[in-house]
Amino acid sequence: MSGGTYLVAAGCTINDITGKISGLCTAKGSIHISINYPALVPFFVLGGGALVVLLLSAVLPKRPYRGLWAGLTVAAGVGTVVDGLVQWQQLNGSSVTPVTLGDQLFYDHMGAFFAVLFGVATVAGAAISDGYLEREGLDGPEPYVLMLSCSLGAVLMADAAGFVTLFLGLEILSISLYAMSAYHRWRAASGEAGLKYLILGSLASAIFIYGAALIYGATGSLQYLGVVSFLADNALFQNGVLLGGMVLVIVGLGFKVAAVPFHFWSPDVYQGAPTPFVGYMAAVAKAAGFAGLLRVLMLALPTLESTWRPIIWVLATLSVVFGSILALVQVDLKRMLAYSSISQAGYVLIGLQAGTAQGVRAVAFYLFTYTFMVIGTFAIVGVLQGRGEARNDLSAVRGLASRSPWLAGAMLVLMLGQAGIPLTSGFLGKWVVIEAVLGQGQYELALIGMLGAAVAAFFYLRVALIMFLAPESPGAPAGGAVTLSATGGPGAATAGGGPSDGGPESSEPGDSGWAAGAGRAYSGSDLQAIVTAGLSARDRALALRPPPHTRVRVPAATAAVIAVCVVFTVFAGVSTPVLSWAHAIALPWSA
Amino acid sequence: MSVPGPWYLGLAAFLFGIGATGLLVRRNILVMYMCIELMLNAVNLTFVTFSRMLNDLGGQDAVFFVLVVAAAEVVVGLGIIVAIYRRRAGATADDVNSLKG
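Chains H and A, in that order, give the protein sequences.
Quick note: to get this note's numbering, add 134 to the position in the first sequence (first position is 1).
Quick note: to get this note's numbering, add 100 to the position in the second sequence (first position is 1).
Where chain A lies over chain H, by a calculated footprint (3+ residues, C-beta under 8 Å): (1) 300 to 309; (2) 312 to 324; (3) 328 to 338; (4) 344 to 353; (5) 395 to 408.
If you're looking for bench data, these hints aren't it; they were derived computationally from the structure.
We put the CB at the ideal spot given by N, CA and C, even for glycine.
When you get a sec, could you build the whole thing from the sequences and use the hints?
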């Protein structure tokens, strides 16, 4: 800047030529940290929301009125979404410097995009938690405070301009999630999930920050832009400290996004943690982890592209392949969805490893659409499982098409979306991912992605088919029934055996069911054999248990979230505004 | 005569390795927790050493953040551990096994 007076911070100006400091900060030599306050609004909204909930919970009577905490959380989430959109508009065509707060934060389109994403996840997560916590007798302000601080950490990760800020965001997010996972007081599995997540998550954090320390040692900077400018001037391709640091950072963030082989915590945590929190966590932790990876790899270490791309390639391939295959043999719905989300993370990694603007666009679009699909799915699982999370296995959805057609329809759309069927956002997401790697000429990776999607389609469609089975097996005789003494729980029931026990229950030909009109439930044993393919005999019986007899009760807020998720999954699959939005944040890399 | 920087880096790497190994082989959850603290402090030593070698204050700043985060992690971690052991007798990771995987 040549000449003239410019503003350093609020109320403080410096004349460039004379060096004269005027305004509030006249003390010479005082530290001037320039702060761009509009960039900080999401933090004020989320952090302020958490503090307001905490304060009100201290001064109000024990149970003021229902939905107050959830309502405040939804309001903070809406505020974040609105602010993200405002930021997006203001950043258009303006020449604002991308870093603020002493170069610790980026203020750019990507940050605004992820602020909107995390705001949406907060709104949806709080809305579906309300009914769940009420049903489980757990309602209180704590989970909402944790949820808001978790979102704050996520926004911090997406905005971070250096490794220390990224670490801070990662830990704010993770520590909130540990407590949320362990929140269900009456379920032993919840505490266990929290403990496992805590131990393995802390290990991942330690590995991450050790990697950051090594990168600092090799480049002399903890800021992404400092690292990249150092690497531009100094060729350090074979520097062991730098490469080791990069690998450790990838491992640490790979834990957070649950990429194979760093995924082993995720099935246990998904199974044990309270269901709506799992939906929130699957969306937010994954998106925040990928936002961090995106910034680190594409902004700080683009010069090492030839080294990190093969690493991400391996992680992506393993995640898609193992996630899809292991999901095939799961009988627990939440566990199955955990492996499913591992395989979805694999697709995001495929987009990331392209290392191009197209890849960034694919990552952003995939994460945004996946947020809606996964929260909607866990919202439905949450209402189906019944009080005390009694029924988490596949049989919880059995006969849903006749018990609750609307819910079954919503689940069907979300399952088809995650399977990547055309006219859903999941299809478009996989499309842009494959397009990105084809742009790099990586046909083998595109092939792996498509084959993985074909395998994954099976376990999503299995859920869909079980919903259309008849609620009861017709005339299941005692001889053909399997007693599930091994499961021991109160829910252990008898089930019309699958084909393994060869019972004579197939009174009607299996394939006649296929011809039946819409609305009529199918019941053939051939169909049962198809939908339970790949499960062990015990799991098969478990999956074919009759559904619970209680009516499915869907709280209004949860129903609204499910409806929005379903509509968005179709909307983003048949139109392009989200795609062009994702395209805009990839512009810095398209030069 | 001062100890050269790389020695500190080697010591930090060694401590980090002890922490990681301990986390994987020890069964007592509190000991596992101490191992995580050991790993974070090894990171701190690395930061300080690099900071000294590079003559740059950034690394020493980072140490404060790591310390604060480690303390916060312990608070939440102990809270979860206490919540679990209200329901159980001992404090070994082998008892926490109702989720297979």
